[in-house]
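Same order as they appear, the protein sequences are chains A and B. The first sequence begins at 1 in the numbering used here and counts up one residue at a time. The second sequence begins at 253 in the numbering used here and counts up one residue at a time.
For the record, the hints were derived by calculation from the structure and aren't laboratory data. Built from N, CA and C at the ideal position, the CB exists for glycine as well. Keep in mind that the hints are not guaranteed to be accurate.
As a list, the in silico DSS-like pairs of lysine-lysine whose alpha-carbon atoms are at most 30 Å apart [to be verified]:
| id | chain 1 | residue 1 | chain 2 | residue 2 |
| --- | --- | --- | --- | --- |
| 1 | B | Lys578 | A | Lys113 |
| 2 | B | Lys578 | A | Lys144 |
| 3 | A | Lys193 | A | Lys31 |
| 4 | A | Lys193 | A | Lys243 |
| 5 | B | Lys578 | B | Lys260 |
| 6 | B | Lys260 | A | Lys77 |
| 7 | A | Lys144 | B | Lys261 |
| 8 | A | Lys113 | A | Lys62 |
| 9 | B | Lys578 | B | Lys461 |
| 10 | B | Lys567 | A | Lys144 |
| 11 | A | Lys77 | A | Lys112 |
| 12 | A | Lys77 | A | Lys31 |
| 13 | B | Lys567 | B | Lys260 |
| 14 | A | Lys77 | A | Lys62 |
| 15 | B | Lys461 | A | Lys144 |
| 16 | A | Lys31 | A | Lys144 |
| 17 | A | Lys66 | A | Lys113 |
| 18 | B | Lys461 | A | Lys112 |
| 19 | A | Lys66 | A | Lys144 |
| 20 | A | Lys31 | A | Lys66 |
| 21 | B | Lys261 | B | Lys567 |
Take a look, some chain B residues computed to stay more than 12 Å from chain A by CB distance [stated by the list, open to error]:
| id | residue |
| --- | --- |
| 22 | Asp264 |
| 23 | Pro425 |
| 24 | Thr475 |
| 25 | Gly509 |
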Amino acid sequence: MKAEVILEVNSISKTFGGVHAVSDVSFALGKGEVLGIIGPNGSGKTTLVNLITGFVQPDSGKVIFKASDITGMPSYKIANLGLTRTFQVMRPYYSLPAFKNLIIPLNSPRVKKTRSGRLGDIDAVAIDILEEIGFERDARVPYKPAGSLPLGYLKRLELARCLALSPEVIICDEIFSGLSMSEIAGLLPLLEKLQMQGVTLVMIEHRLRELFRLADRVIVMNFGQKIADGIPEDVMEDEEVKKAYLGRERKK
Amino acid sequence: MPKTARRKKRLDRSVKVRTEGLYALTSWSEITYLLLPRLVLIMGLLSLPFFLDMYWQRVLCAAGIYGLLALGFDFLAEFVGLVCLGGAFFIGAGGYISGLLNAYLGLSPLVCIPIATVAGAVISTLVLVPALRLRGIYFAIVSFMFPLFAVYIIVALSAFGGTEGISALDNLPNQWVEVYLILAAVLVSLFLLRRLVDEDMGLILRAIKDNDQAVKASGISITTYKIRAVFIAALIGCFGGAYLTHLYGWLGISLFGMDFSILPIAATVMGGMGTLAGGVLGALLLTPLSEALRGFGQLRVVLYCFILLLFIVYKPEGFLSYFQRKYHQFELWEEV
Numbered sequence: 001m002k003a004e005v006i007l008e009v010n011s012i013s014k015t016f017g018g019v020h021a022v023s024d025v026s027f028a029l030g031k032g033e034v035l036g037i038i039g040p041n042g043s044g045k046t047t048l049v050n051l052i053t054g055f056v057q058p059d060s061g062k063v064i065f066k067a068s069d070i071t072g073m074p075s076y077k078i079a080n081l082g083l084t085r086t087f088q089v090m091r092p093y094y095s096l097p098a099f100k101n102l103i104i105p106l107n108s109p110r111v112k113k114t115r116s117g118r119l120g121d122i123d124a125v126a127i128d129i130l131e132e133i134g135f136e137r138d139a140r141v142p143y144k145p146a147g148s149l150p151l152g153y154l155k156r157l158e159l160a161r162c163l164a165l166s167p168e169v170i171i172c173d174e175i176f177s178g179l180s181m182s183e184i185a186g187l188l189p190l191l192e193k194l195q196m197q198g199v200t201l202v203m204i205e206h207r208l209r210e211l212f213r214l215a216d217r218v219i220v221m222n223f224g225q226k227i228a229d230g231i232p233e234d235v236m237e238d239e240e241v242k243k244a245y246l247g248r249e250r251k252k
Numbered sequence: 253m254p255k256t257a258r259r260k261k262r263l264d265r266s267v268k269v270r271t272e273g274l275y276a277l278t279s280w281s282e283i284t285y286l287l288l289p290r291l292v293l294i295m296g297l298l299s300l301p302f303f304l305d306m307y308w309q310r311v312l313c314a315a316g317i318y319g320l321l322a323l324g325f326d327f328l329a330e331f332v333g334l335v336c337l338g339g340a341f342f343i344g345a346g347g348y349i350s351g352l353l354n355a356y357l358g359l360s361p362l363v364c365i366p367i368a369t370v371a372g373a374v375i376s377t378l379v380l381v382p383a384l385r386l387r388g389i390y391f392a393i394v395s396f397m398f399p400l401f402a403v404y405i406i407v408a409l410s411a412f413g414g415t416e417g418i419s420a421l422d423n424l425p426n427q428w429v430e431v432y433l434i435l436a437a438v439l440v441s442l443f444l445l446r447r448l449v450d451e452d453m454g455l456i457l458r459a460i461k462d463n464d465q466a467v468k469a470s471g472i473s474i475t476t477y478k479i480r481a482v483f484i485a486a487l488i489g490c491f492g493g494a495y496l497t498h499l500y501g502w503l504g505i506s507l508f509g510m511d512f513s514i515l516p517i518a519a520t521v522m523g524g525m526g527t528l529a530g531g532v533l534g535a536l537l538l539t540p541l542s543e544a545l546r547g548f549g550q551l552r553v554v555l556y557c558f559i560l561l562l563f564i565v566y567k568p569e570g571f572l573s574y575f576q577r578k579y580h581q582f583e584l585w586e587e588v
C-alpha cells in the first residue's frame, strides 16, 4: 500500500558550532502512517523535530508539507497548517487550570477557521477534549491547576494541546519517557485511536516494545545521520543498527 | 493547676465564595461578602477629594498617574512576562504629544489627551517592538534605555523647547475635572485589565509568560500578542503622561524622568505583584508618603528605600495579598 505523501524531508542538515546535529537526513511520510524515530541519546532526533516544526532553522535542505515548502517558516504558521508536536520536556502552562491550557490552541487561526468562527462554549470544547484523552471529569481533574498534576496527566495534556488543533500530523517527542507501565498502557489506546482516525504520527521513542506495537516503519539515527529505514523487524536485524544502538543492549 | 494551652486556629472560608465565580451569586450574603471590600475601596477613593485641600488633591492626581503606571507594569510583568522599566517613556511620549498639540495647534486639552493617548501608545509600541524578542532581564534593560535616549535626543537637537521645555500650556477646566478624570481613568483601567486577564486573550498572554515555546506550537504568534499587550500598557501610561502635562501646564525632559519608571515598581511590590489593584493602592500610599517626607530632602529616598526593604523581607506578597488572605480566613483560639 502506497499512501499519498504528506511530509517530505529532503537532505536536511544543521550544525551547532561544528557539531553536526543533523546531517543530510531525508525521508518521506505517507498519510496515516505511524513512523518511529529511534537512536541513542544525542543522535539528533529532537533536533530533527525542531527542524521540521520550525523551532530551529536548517542550514540546508527542505521540508515539504502537503506539497508546499515550509522550510524556514515560523513555527506557529507550521502549527496552523496542521503539523504539530509535543515537547520532550513537558511545557504545560503551570499557572492555568488544565482545561484552560487548551484555550490557547483553540484560539489559533487554524481552529477558528475550521470551526467557521463559531466555537460555542470554548471551555466546554476544551473539557470535552480532555475527557476524551482520559481526564476524569467527575474527579474534577480538568479544573485542577496544571502545575499540580502528576506526570501521566501532563503527558496527556501535551497530547491534548496538539489534538485541540485538529492536526494532520503529530510529532510525539518521547511521550512514554518517565511513565510507569500502567500509565503507558493507558496512553497506548489513545495513540491507536488517533491512528485509526487517520492522523499521521511520528514518534520519537526509547521504549522500543511499545513503539513497535504502533509503528509501521522505523528510522534509526546515529550521530545525526539516518542509518536505517524500514519496517521494525528488518531494522532490528540491520547490522549497523545493532552495532550503533541495539547491539550494546544485547551484549548485557 | 495546669494552665490550658491555647493556639490560634485558622479556617478558610467556603470555597464557593473564594472562587469568586458564578456560585457566589447564589445568596445575598455571599454577594455582600465579595462586594463589600471592593465598594469600600472604590467609594473611599471617590469621596477622598472632598476631604482634601487643593495641595493634597494635586498629590492625589499624581498618585493616580503612578497608579496607572503601576497597573501597566504589573500587567506586563505578571501576565505577559515582560518586565518593562520604560514607564517614563510612556509618560514622556503621551506628555510631549499632548503638550505640543496644545502649544502649536491650540487644541483644547480634552482633545489633545485622547489623541496623545493613542498616538503615544502607537509610538511607544513601535519603539519596543524590536525588543520584544528579548526575555526577562534583557527586555527590562532595553526598555529602561528608551526614556534616556529620548532625553538625549531632545537635548541634543534642542527640539520641543530643549532643556527648558514649554510652559503655559492649557490646564483642564477645573480642579474637580482634574481629580475625577484621573480617578475614573484608574478605576476603569483597573476594571478592564482585571477582566482582560481572564478572557481568552489574557489566558494566551499568561501562557506566553509560562511557556512561549508551547504557545508557538499551538499555532499562535507570540509576537502579535506581545505587541497587543504592550500597546494596552502603553495606552494606560500615555494617558497618564498626557494628563500630567495639562495638570502642570508644562512639558519638559523631566517627563522622561526615572521616577516614572521606578516608583510604580516600588508601588507594585508594596501592594502585591499580580494583584493589579495592589499597585494602585501602593501608589496611593507611596506618593503622599514621599510628599510628606519632602522636608527631609534627599534623605526621604533613604527612608523610602528602607520601607521597600521591609516589605521585600517581611511581606514579599504585598499588603493587598496579605489583607485578602486574612479576609478569607476565620481566626479563633482553641484549647489544646
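Out of the numbered hints, which ones does the structure contradict? 1, 4, 6, 16, 19 and 24
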